[in-house]
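**Student:** Protein chains in written order, with the numbering used here: chain A, 6 to 211; chain B, 6 to 211.
Just so you know, the hints here were simulated from the structure itself, not pulled from any lab data. Here the structure is a predicted model, which means the values were calculated and not measured. Glycine included, every Cβ here is placed at the ideal spot set by N, Cα and C. Check before you lean on any hint, since a few could be wrong.
[As the list claims (entries may be wrong)] Residues of chain A clear of chain B, computed beta-carbon distances all greater than 10 Å: (1) Arg66; (2) Ser68; (3) Ala100; (4) Glu106; (5) Leu125; (6) Glu130; (7) Glu131; (8) Glu136; (9) Ser137; (10) Ala151; (11) Ala175; (12) Glu206.
[Claimed, not checked] Stretches of chain A that chain B covers, calculated by requiring three or more beta carbons in the stretch to come under 8 Å of a beta carbon on chain B: (13) 15 to 29; (14) 38 to 44.
[Claimed, not checked] From chain A, some residues computed to sit far from chain B (all C-beta separations above 10 Å): (15) Arg164; (16) His166; (17) Pro171.
There are 2 protein chains.
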Amino acid sequence: MRALPLPPGRLADQVRFLLEADRLKSVLRRTLISDGSRHENSAEHSWHVVLFALLLSEHARESVDVSRVIAMLVLHDLVEIDAGDTYVYDEAGLATKATRERAAADRLFGLLPPDQRKVLRGLWEEFDARESEDSRFANAVDRLAAVLLNYLGRGEVWRTHRVSAPQVRARNSAVGEAAPALGEVVRVVVDDSVARGWLAEDRACP
Amino acid sequence: MRALPLPPGRLADQVRFLLEADRLKSVLRRTLISDGSRHENSAEHSWHVVLFALLLSEHARESVDVSRVIAMLVLHDLVEIDAGDTYVYDEAGLATKATRERAAADRLFGLLPPDQRKVLRGLWEEFDARESEDSRFANAVDRLAAVLLNYLGRGEVWRTHRVSAPQVRARNSAVGEAAPALGEVVRVVVDDSVARGWLAEDRACP
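The shape of chain A in the complex, shown without the other chains (with noise of 0.2 Å):
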C-alpha cells in the first residue's frame, strides 16, 4: 500500500486502515451475485447484509441494538483479507479457520489506534463468539444473505459443491433461533430448492 503524505498520527492510522481494508473487495465468496454472472466479493457482501439488519431486526427473537449489529456486520469479514473466505461446508478449512483468523486480526486491528483497536476487535470477537443477542441476529442475517443467494441462483453453488440439504438445514438453525420468521424463510427455500431438485437430501446416495 501506497504511504500516504499525512503527518504520523492518529488521522494517518485509521486512513492506513481504511485503504488497507480496501482489499476486502478482492476476496471472493462461494456465492454468486443474483444476476450468476461473477461470484461475490466480501466486501460488497457486507454492504449488502448490513442493509438486510437495518430492514429485518424487528424479527429478531428478542430485542436487539441495531447499531451494534451493523457495526458487527461491516466488520464481521475483514480478517478475510489475510485468512481468506473459509466455506462454510469446507470442514479442512474450518479447522484451521480460527487460528488463521486471530492472526489476521491481530495484524489488521493492529494498525488502529489502540481504543479503536479494542472496540473494533471486541465487536468481531463477539460477532463470532455468537453469544450475545445482537451477534446472533447478525449471524441470521449473514446466513440468510447466502441462502437467498444460492436459491436465486438454482442452487448451482450448492450442487458444485455437493452440499445436502440437511448440511444447509444444521448450519442454518441458528437462523431460526435468532428470529423465527427468518427461520421460516430459510425452511420454505431449502424446502423449495429440493422440491425442484437443485438441493439434494443425500449427497452420499445420489
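Based on these hints, arrange chain B on the given structure of chain A.
**Tutor:** The following block gives chain B in isolation, referenced to the frame of chain A:
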C-alpha cells in the same frame, strides 16, 4: 427477479427489496479499487464508506449521530440501480441526475412496507440535500473515499476524465466544511498529486 415462495406480506416485501438491492453490485463507478485491477462497484463502495464513518466520526466539525450517518451511507447509492452512477465531473449527466434518481427512488423504496419506505426514503433525501450535519458528514466521507482511491491509483482516473486540481478542490471543499481534519487530508493528497504530475492545475491548457 425470481419470485420467492413466501406468503405475501410485510416480510416477503422486505426480502424482495433486499434481493432487488443486490443489483447495486453490478453498478460500476469511475474509481478503481486500490490494487487498480478493476472498477469499483457501488455496493462495495457503500460498505467502504460505512467503515469510514464508523472510524472517522470523531473528526466531524459538529457532533453527529453515527447510526444515522451509517444508515444514509448504506442507502445513498441504491437509486443507481435504475439511474446508473453519474460521474461527479459529468455536467451533462448531472443535469438529469435529480430526475432520474427521483424516479428510481419511487420504484425502489416503493417496494418496501409503507413505514420503512418513509424512513429509508427520508434518509436518502436527507443525504442528498446535504443540509443536516449528519448528511454533511456522510457526504464528506463519501467524497474522501473517492479522492483517496484516485490517489492510490496515481491519478489515472482523473487523467482519463481530464479532471483538474481546481475541479477536485471545488468538489471536495465540502469535506473540510464538514470535517476540517479530513479536509486537510484532501488538501495534502491533491497537492501531492499535482506535485507528482498525476493531476493538472489546468486541463484547459495542457
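**Student:** The structure should be examined with respect to each hint, and the outcome stated for every one.
**Tutor:** Structure-based check of all given hints:
1. Arg66: Label holds. Min Cβ-Cβ 15 Å, cutoff 10 Å.
2. Ser68: holds (16 Å)
3. Ala100: Fine: 29 Å to the nearest Cβ keeps Ala100(A) off the interface.
4. Glu106: At roughly 18 Å from the nearest Cβ of chain B, Glu106(A) sits farther out than 10 Å, so the non-interface label holds.
5. Leu125: Violated, because the least Cβ-Cβ distance between Leu125(A) and chain B comes to about 8 Å, which does not exceed 10 Å.
6. Glu130: Glu130(A) clear of chain B: closest Cβ-Cβ about 16 Å, beyond 10 Å.
7. Glu131: Non-interface label stands for Glu131(A): nearest chain B Cβ at 15 Å, farther than 10 Å.
8. Glu136: holds (22 Å)
9. Ser137: holds (18 Å)
10. Ala151: Its Cβ never comes within 10 Å of chain B, the nearest being 12 Å, so this holds.
11. Ala175: Since the minimum Cβ distance to chain B is about 21 Å, Ala175(A) lies beyond 10 Å and the statement holds.
12. Glu206: holds (18 Å)
13. 15 to 29: holds (count 10)
14. 38 to 44: holds (count 4)
15. Arg164: Non-interface label on Arg164(A) holds, nearest chain B Cβ at 17 Å vs cutoff 10 Å.
16. His166: His166(A) clear of chain B: closest Cβ-Cβ about 21 Å, beyond 10 Å.
17. Pro171: holds (20 Å)
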